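Generate coordinates for the entire structure from the input sequences, incorporating the hints supplied.
One letter stands for each residue in the lines below.
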Amino acid sequence: MSDFPVIIETPVPTDTESTPTRRAFLGIATAAGLCYAGAIGYPVYRYLASPAEMAASETAVTEVTLDKAQDLPLASALMFKFGSSPAMLIHGADDSWVAFSAVCTHLGCTVKFEPELNRIHCSCHGGTYDPHTGKNVSGPPPKPLKAYKVNVGATNVVVSRA
Amino acid sequence: MSGLVDTEPAVDRSQEIELSENSRKGTGPVGSVYTWLDERLGLGEIVALARHKRIPAHSQSFWYYWGGISLFLFLIQIVTGILLLVYYRPGAEAFESVRQITYVMHFGWLIRSAHSWCANLFMFSILVHMFSVYFMKAYRKPREVGWLTGIALLFLGAMFGFSGYLLPMDELSYYATKVGLQIPASIPFLGAFTTTILRGGPEVSDFTVQRFFALHVVILPLLFLPLLGLHLYLVQKHGNAVPPSEEAKPLAVRKSIPFFPNFFQKDLAMWLISLNVLALLASVFPWDLGKQADSLVPAPAGIHPEWYFMAPFHMLKILGNLLPGASGEVVGILLFTIGLALWVVIPFYDGENSTGSRGRNAHYFGLFAVTALIVTTALGYWGIR
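Respectively, the protein sequence lines represent chains A and B. Going by my numbering, the first sequence opens with residue 357, and the numbers climb by one from there. Going by my numbering, the second sequence opens with residue 823, and the numbers climb by one from there.
Among the hints, erroneous ones may be present.
To be verified - The calculated label-pair distances, taken between Cβ atoms and stated as ranges, are:
hint	chain 1	residue 1	chain 2	residue 2	range
1	B	907	A	453	39 to 47 Å
2	B	1041	A	481	37 to 45 Å
3	B	1121	A	430	58 to 66 Å
4	B	1165	A	383	48 to 56 Å
5	B	1125	A	481	53 to 61 Å
6	B	1200	A	412	51 to 59 Å
7	A	412	B	957	54 to 62 Å
8	B	1019	A	435	40 to 48 Å
9	B	907	A	412	20 to 28 Å
10	B	907	A	494	41 to 49 Å
11	A	435	B	862	51 to 59 Å
Treat the hints as calculated values from the structure; they're not laboratory data. As the structure is a computational prediction, the values presented were derived from the model and not from experiment. Glycine is no exception: its CB is placed at the ideal position from the N, C-alpha and C atoms.
Rendered as structure tokens:
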């Protein structure tokens, strides 16, 4: 690297005389830097958080209408989305109607209705729930499945927050 | 810079040694962390390098900032590009995903606008950088490779622009890409083949978007980044060139300033100005998203390539009108290629540190090139008014 022989400025400030102005400068520079960081960081954060915010507004859903679900055969289940999370409508062999969140309370896998074994089963860790009440029966799940209110109409089934 | 002495006057050196001794004798937690890192990473060498690096100071020093500005704008492109990548989906959903970015995601319009504006500022900045290097004759020995890598980076930058322009798949980008592909199509013999491969079929389609996407986010960065590394290494190795007028002066009257902190501060100020200009443009003039591209809808009026492609595009058009049939385009692309080739090899023609006839010829060639680019660009825009 080449060097140049004549010096017109030296970068060594003498501390005593420049301290007040330097402190002021550092203060302003820090404040301005924070403003820039905020002006860039805030939009970037909101941009990246957009899907999370959309999902949050979806969980504000209180009611889902399932068209033609009244024709669901006996001893079968219909999977649907309540807001952003999976849910199941079960038409029991005894013509009962129940709806639960289909999210396992253990680690969040989607559970499955097994009419032949009369249970709701989670394949991830073998947790089982009662298909009539959603109560956790065996395995690791700590809590029952969240239950929804079901209203069977002539043309549809309305599932709403209990 | 062969005539320059590689040492500095004793007076300055003593001061620097004293400074570095002080900072290395670091005590307390900061000092011991520094010592730990220095022993393993050799930070002292970098510090010493930064202390000794000097930048020539003269009437043309302003042009030294443009390489740094280009680098800064490129870094912004990386950051905004990664952010767009979070939601962009190439292929059939391309337009829908850009619509979502622009209208659904918070501040998506701003990030897309910043990316598009920054691409244009970047092209402008590297063109200024190139012409200032050219007219300061900074391509001369030993900086030939710096010049060649710079040209390659400009070419890759243009490819970035061309491939990125299609990605939203709106009407404008669709037709601009169709029209822009006329340039590779007019390459003699290989034109049709090259264009079909680039386009991924006989027409611009979802396949084109998919491969332009691969080009834009994987292939071009893979080529660009190592070249940029080499380019920056060479800048560091050879230092800043001085223009011939300055080189003619005796060493004793030439001036320079320390890179750190003096020039670095000014560099940062330039970056801040660039950032502010970009923020202003991106937020006050948000980049538009047109209607979804549809090959059955006739092209809207005034389709034209981006401004940095306007000159070659219009030169082809002029020659196409002057000469009959397809020969005009072929001659056009040949002339353009010859001009470009001469531009690239200029360090090997005008390589000596002299002000002889070769130096003058290169200068006139540069003036001719700038004039030709500006005139054809202006004519191109005049034509689509």
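Numbers of unmet hints, in rising order: No numbers; nothing is violated.
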